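Undergrad: Single-letter residue listing:
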Amino acid sequence: MTERYVVKRLDEIAGYADPSRAQWFPIRADFGIGAFGVNAWRSGEAGQELIGEHDELGDDSTGHEELYVVLSGHATFTVDGETVDAPSGKLVFVGDPAMKRSAVAEEAGTTVLVAGGKRGEAFSASPWEKHAQGLQFFATKEYDRALEFFERAHREAPDQAGVLYNLACAESLVGRPDDALAHLAQAIELRPSFREAAQTDTDFDAIRADPRFPAAAG
Amino acid sequence: MKPWETASLPEIEGLPGPGTLRWTPVRRHFDIRAFGVNAYTAAEVGQDVVEEHTEQQNGHEELYVVIAGHARFTLDGEEIDAPVGTLVFLRDPTVRRAAVAVEAPTTVLALGGKPGEPYEVSVWEFDFAAAARGKTGDYKGAIAEIDSGFELHPEHPTLFYQRACWRALDGQPEGALDDLVLAVELGGEKFRTWANEDEDLDSIRADPRFPA
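Protein chains in written order, with this note's numbering: chain L, 34 to 251; chain G, 115 to 326.
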């Protein structure tokens, strides 16, 4: 039987932890919350990206309104090109899904909680959240498991650019260059910003010298 | 609607809730419409940070996050120690929940919504906001808060009942009786029972239209 209530400390929620990136606490997925999205991120060091630049449009999102809450530490948000100083206790609400938003930690241990949902619609989890669960296998260098995860995700959602990109990463890392190049090209076709991301993504080092590798935009 | 907006919790006007609760209406401040979100801050040890209630009426899941201080939750009679960083998720709306501060100040953030349904602003928000105005003697302000609730819930018996109370206190007997009759008509016997025990309605109790 599903538990009627669950009590946990944030640190008890096991998430994707890559030392080079902020730690993700998948609160919604861990508790099985069905009514709204909620996650947290904590920086390992000052200067670390807490919230990658994104909007809430496109195939990886669901048009969510988002509320960010700085639980501890000190962050700097950038919303629609404007910088926002965000010490502990600051709330940043982004109602318009088209606004670009991102955040960087000013201190180690800065923790940001984010809640989201779509106005006028029943909540459904963002596709990125599902994909993000597969990213843990890159952090632990379990590339076969990453490949298996994203192959399955790709079968379920063939046109998801984020899935294709991560599938290409896994294929590159397990030594399947032809598949990696094909899927990377498809990912870029669906989301052109992946062309730039691929230039510095070390997951593609094995295929970067291939003439078919997408060149940086001129 | 502004495309984006920021605030710190102290910048949002806190309102007195029921009992010792101090309510920071975060959702209302930003006009968030996708989920419910509020904060509750206790300035003294022993003050409520979650008033005792269930979510049976709204059917909401709730997530409480202790964002400062130290709280003690009581969930269906079970006491839960909840220092800063504790998350309390209540899936089952029938669980009776409450929390008090064991350190001061303590702040708890509460998120809520009903799975499988679009979020609707809860009626209690208008009720709380009206009560905060009414407690200071600003009955017209309280009526205005309830009126704003009718924009989203045009036939909600609780709003008619609450407006009846504020109108009665404000010396508007006709309007109060109209509202009270409607509350009982739409909401049933529960409202008749409440009306017969509610001192706020004393000024209209002798009227033949009063639902005795």
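Heads up, some of the hints might be wrong.
[As the list claims (entries may be wrong)] Derived coverage of chain G by chain L (criterion: at least 3 residues anywhere in the stretch with Cβ under 8 angstroms from a Cβ of chain L; other residues may be distant): (1) 198–210; (2) 215–227; (3) 262–274; (4) 314–320.
[As the list claims (entries may be wrong)] A partial selection of chain G residues facing chain L, derived with a Cβ cut-off under 8 angstroms: (5) 120; (6) 193; (7) 308.
Think of the hints as simulated: they come from the structure by calculation, not from any bench.
No experiment lies behind these values; they were computed from the predicted model shown.
Virtual Cβ for every residue (Gly too), placed ideally from N, Cα, C.
Undergrad: Against this structure, judge whether each hint is valid.
TA: A quick look at each hint next to the structure:
no.: 1; hint: 198–210; result: holds (count 10)
no.: 2; hint: 215–227; result: holds (count 4)
no.: 3; hint: 262–274; result: violated (count 0)
no.: 4; hint: 314–320; result: violated (count 0)
no.: 5; hint: 120; result: holds (5 angstroms)
no.: 6; hint: 193; result: violated (11 angstroms)
no.: 7; hint: 308; result: violated (29 angstroms)
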